[in-house]
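**Student:** If you want the building blocks of each chain, they are given just below.
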Amino acid sequence: MGEFLAMGGYGAFVWPSYALAAAVLAGLWLSSRWTLKAREAELARLEGEGASRRTRPRAEGQGS
Amino acid sequence: MRALLGIVRRDLLLAIRQGSDSVAILFFFVVAATLFPFGVGPEPNVLARIAAGIVWVTALLAAMLSLDRLFQADYEDGSLEALALAPTPLGLTVLAKGLAHWLTTGLPLIAASPVLAVMLNMEAAGLGLLVAAMALGTPSLSLIGAIGAALTLGARRGGVLISLLVLPLYIPVLIFGVGAVDAALTGLSPRPHLMILGALLLLSLALAPVAAAAALRQALE
Amino acid sequence: MHRFANPSRFLRLGQAVLPWSAGLTVLLLAIGVPWALLVAPPDYQQGESVRIMYVHVPAAWMAMFVYTTVAAASASALIWRHPLGDLIARAASPVGAWFTVLTLVTGSLWGKPMWGAWWVWDARLTSVLVLLFLYLGHIALANAFEDAGRGEKAAAVLALVGFVNVPIIKWSVDWWNTLHQPASVARLGGPSIHPAMLWPLLVMGLAFTAFFVTLLLMRVRSEFLGRKLRALRLTQAAQGMAEAPAGAEVS
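Residue numbers (the working numbering), protein chains in the order written: chain S, 1 to 64; chain V, 1 to 221; chain F, 1 to 251.
Pulled out of the complex, with its shape left as it was, chain S reads as follows (with noise of 0.2 Å):
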């Protein structure tokens, strides 16, 4: 086991380049992962208030 972290003494240089891959990829995921759950979620609550304030059916504000 410590020889394979050891990575024949580039164990400093191999392991930082996954861990960073992994952090660059997890990131990545869970960033956009958030937005679309926070644009999704935003996008709910706008459409709920504003169908139950509006009187006019709701198509007509959708076109732009």
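There may be inaccurate statements among the hints.
Anything over 12 Å on all C-beta distances counts as not near chain F; from chain V, calculated [what the hints assert, rightly or not]: (1) G6; (2) A24; (3) A82; (4) V115; (5) A125; (6) A132; (7) L200.
With beta-carbon atoms standing in for the labels, derived distance ranges [unchecked claim]: (8) P16/S x F38/V: 35 to 41 Å; (9) W29/S x I79/F: 30 to 36 Å; (10) F38/V x L198/F: 50 to 56 Å; (11) L18/F x A206/V: 40 to 46 Å; (12) E3/S x I79/F: 53 to 59 Å; (13) T34/V x H194/F: 52 to 58 Å; (14) G116/F x L188/V: 28 to 34 Å.
Treat the hints as calculated values from the structure; they're not laboratory data. Glycine included, C-beta positions come from ideal geometry on N, C-alpha and C.
Guided by the hints, dock chains V and F onto chain S, whose structure is given.
**Tutor:** Chains V and F in isolation, oriented as in the chain S frame:
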């Protein structure tokens, strides 16, 4: 053709009337190049080695200074809209604007570059080539710059943004501009470098008007 | 409404594909990472440090692939006024920039033991650095306008200009580098690569591609919703203003 010259003359007259722009750019060029000996030390050999690079890099930066105003005034007072509606193709207008920009910034830079090069201990063999390379390279800078100027029209922080967009595109001109001088100084033929600079100029002549005109149309939409 | 017909079809399709591409990403990573770290042989010259290749090279592939995607999407947005093109370009560009950063940093981590320096002005490293600048310019331009649509159109032109320039820049940097080649630089990798290394590399490359597809589907949807939100806020604000005087008239 006449319309093209008309735009060039109008821009030149404006530049002369407002004055100072060319002088300020020239002043920046000289001052910025003067900083390098302070940065790397006055050792003549070191300076001679990097002289071509210093002159070219500062020239790139200086050529960028007035880019954000290339279309700005015309955009704000509405004459750009008139130019876009005029029978002259918008690409030709861009070409004229680029030519005017080159006459007011590129030409003074070319004129000043041998003086700076001498001050930086460049050998005499390199001076003529520096001027030739600058003459072939600076028009490309104005044309590529015109794309950046058209793209950032009406943008927030347009001036800083232009440098971010345009500087990476300037890299080939820089490489071959310095390469021509270095080749001459090391006794090699500068011909290939100059020919590539010419090719880059032809390419920017063909592409910059199209791209900048597309960008201008979007800005006017 | 027909303007959004295509994006909504794309979004519906995307929703269906998303779980599959996400699952494929996880599967390929679950195969590729152990393969790269445990099974693949060490290089006879570079030893175990060659394992950095399995994240570095796929990241570099993606850096270039994503830029091509952005350029293609921009072309479709400019030529056919395809609204989806703008969304894809805006969604993909930051992902490409991050892949480029990953390429540069893992390259640096690989270069330190191989070259003895964190950074050398090697032709490939320098070209990738310039690619990062192109990405950053694209992102900055897309976000530089009050009107998001104008930013997208300007960024599309820039993406195409950049795409034409990438080979020219790459070629000039190669030329520049052969003139100034520092003697100590050893070439990483080689023209031929052993199959025992090629297979895990391909699996990792596919994993990164599947990851990008997954991310792109999510982000395009996100951009689409963002655009819809802006439109909705605008109409609500307009209605809010219109309703007040109208109400006064009725009463």
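**Student:** A separate judgement is required for each hint: does it hold in the structure or not?
**Tutor:** Status of the hints after comparison with the structure:
{"no.": "1", "hint": "G6", "in the structure": "holds, 27 Å"}
{"no.": "2", "hint": "A24", "in the structure": "holds, 26 Å"}
{"no.": "3", "hint": "A82", "in the structure": "holds, 20 Å"}
{"no.": "4", "hint": "V115", "in the structure": "holds, 27 Å"}
{"no.": "5", "hint": "A125", "in the structure": "holds, 18 Å"}
{"no.": "6", "hint": "A132", "in the structure": "holds, 19 Å"}
{"no.": "7", "hint": "L200", "in the structure": "violated, 8 Å"}
{"no.": "8", "hint": "P16/S x F38/V: 35 to 41 Å", "in the structure": "holds, 38 Å"}
{"no.": "9", "hint": "W29/S x I79/F: 30 to 36 Å", "in the structure": "holds, 32 Å"}
{"no.": "10", "hint": "F38/V x L198/F: 50 to 56 Å", "in the structure": "holds, 52 Å"}
{"no.": "11", "hint": "L18/F x A206/V: 40 to 46 Å", "in the structure": "holds, 42 Å"}
{"no.": "12", "hint": "E3/S x I79/F: 53 to 59 Å", "in the structure": "holds, 57 Å"}
{"no.": "13", "hint": "T34/V x H194/F: 52 to 58 Å", "in the structure": "holds, 55 Å"}
{"no.": "14", "hint": "G116/F x L188/V: 28 to 34 Å", "in the structure": "holds, 30 Å"}
The structure does not agree with numbered hint 7 stated previously, though it agrees with all others.
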